[in-house]
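**Q** Chain order of the listed sequences is A and B. With the first sequence counted from 1, adding 239 to any position gets you the numbering used here. With the second sequence counted from 1, adding 239 to any position gets you the numbering used here.
Calculated directly from the structure, the hints in this document are not laboratory data. Source: prediction; values computed, not measured. Check each hint, because a few of them may be wrong.
Identical copies carry no separate label here, and so any pair may be met within one copy or between two of them.
Computed cross-link-like contacts, DSBU-like style, restricted to lysine-lysine with a CA-CA straight-line distance of at most 35 Å [stated by the list, open to error]:
id: 1; residue 1: K290; residue 2: K364
id: 2; residue 1: K286; residue 2: K371
id: 3; residue 1: K371; residue 2: K337
id: 4; residue 1: K364; residue 2: K277
id: 5; residue 1: K364; residue 2: K286
id: 6; residue 1: K277; residue 2: K402
id: 7; residue 1: K277; residue 2: K337
id: 8; residue 1: K298; residue 2: K285
id: 9; residue 1: K265; residue 2: K285
id: 10; residue 1: K280; residue 2: K298
id: 11; residue 1: K337; residue 2: K286
Number of protein chains: 2
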Amino acid sequence: MEKTIAVIIDDFFEDVEYTEPIDAFKKAGYTIVHVGLKKGKIVESKKQRTKVRIDEAVKDVSAGEFDALLIPGGYSPDKLRVDEDAVQFVKDFVESGKPVFSICHAPQLLITAQVLKGRKITGWKSIVQDIKNAGAVFLDQEVVEDGNLISSRSPQDLPAFIKASLQKLQTS
Amino acid sequence: MEKTIAVIIDDFFEDVEYTEPIDAFKKAGYTIVHVGLKKGKIVESKKQRTKVRIDEAVKDVSAGEFDALLIPGGYSPDKLRVDEDAVQFVKDFVESGKPVFSICHAPQLLITAQVLKGRKITGWKSIVQDIKNAGAVFLDQEVVEDGNLISSRSPQDLPAFIKASLQKLQTS
């Protein structure tokens, strides 16, 4: 059965943390739906090289409609975490047990969703203290897998992040 | 006696959260020193309209050399909080009792410096959960004054932020 992956994204996302996982997911036959704050909005990457059209507003979708969630990093998570619907969507996803792929600044959304207590996770070095203060166990590894939560630190970790994510999709 | 204010700053700072307080401080007769990660580096604002030359590398200065500290917001604090010297400088400043002016995302640096436990503070809405998780009391006000710590939420709060900061400088 075909699986659909939601990507939650807004302006200032880190280019390759979107493009590389998405290319790999598409090649593996998965369908991608871009979820954001406003349907039809064109969001731009931090380096302004990558533009993405939002397919669905987060307020109009639910975690139940998708099989997995990708949260790219950069400053996109900082923009999304001020939106209640975005935070609820991410919270529902983590609690559903479906795979959630988090890289770089993505844990900021998980912190606001208050789903990290006791979870093992990694992320970008600037937010280590925030991750620890949220009650999570921070691990300085290229990829951390804790139940449905797969996480990596930065673009350098992308090969390991994509490999672990694809494996999770095949077995979940 | 003339007072000197350090501004700790890096790329992607929020334009007006630098320009407006600095203009007011200069008009009031204070001397400004731009402290950053590398002496001579030109840092750019988020909107790429404002360029600032770093006067001193943070590793080469100490809190004792200045009378107050301004931390502008935007994504500059996210960049500074990965640097150990920057975090130590901010920590020393808060603990010195000298005025620290924090706006928008600036509390991110205070969180990494682990100086917020039990302190009253405000900041940009995206980091409210991070502020609470750090053990601080978050207040949704245009300006919060708690001992040597003056804080505001966003550019809209600048008039109140500047007024409170100038008052603090005159009385400290």
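**Q** Now tell me, hint by hint, if it's right for this structure.
**A** To see whether the hints hold, each was checked on the structure:
| no. | hint | verdict |
| --- | --- | --- |
| 1 | K290 with K364 | both (26 Å within a copy, 26 Å between copies) |
| 2 | K286 with K371 | both (29 Å within a copy, 32 Å between copies) |
| 3 | K371 with K337 | both (23 Å within a copy, 28 Å between copies) |
| 4 | K364 with K277 | both (30 Å within a copy, 19 Å between copies) |
| 5 | K364 with K286 | both (20 Å within a copy, 24 Å between copies) |
| 6 | K277 with K402 | within (31 Å within a copy, 37 Å between copies) |
| 7 | K277 with K337 | within (24 Å within a copy, 44 Å between copies) |
| 8 | K298 with K285 | both (24 Å within a copy, 28 Å between copies) |
| 9 | K265 with K285 | both (23 Å within a copy, 33 Å between copies) |
| 10 | K280 with K298 | within (14 Å within a copy, 43 Å between copies) |
| 11 | K337 with K286 | within (31 Å within a copy, 38 Å between copies) |
Of the hints listed earlier, there is not a single one the structure fails to meet.
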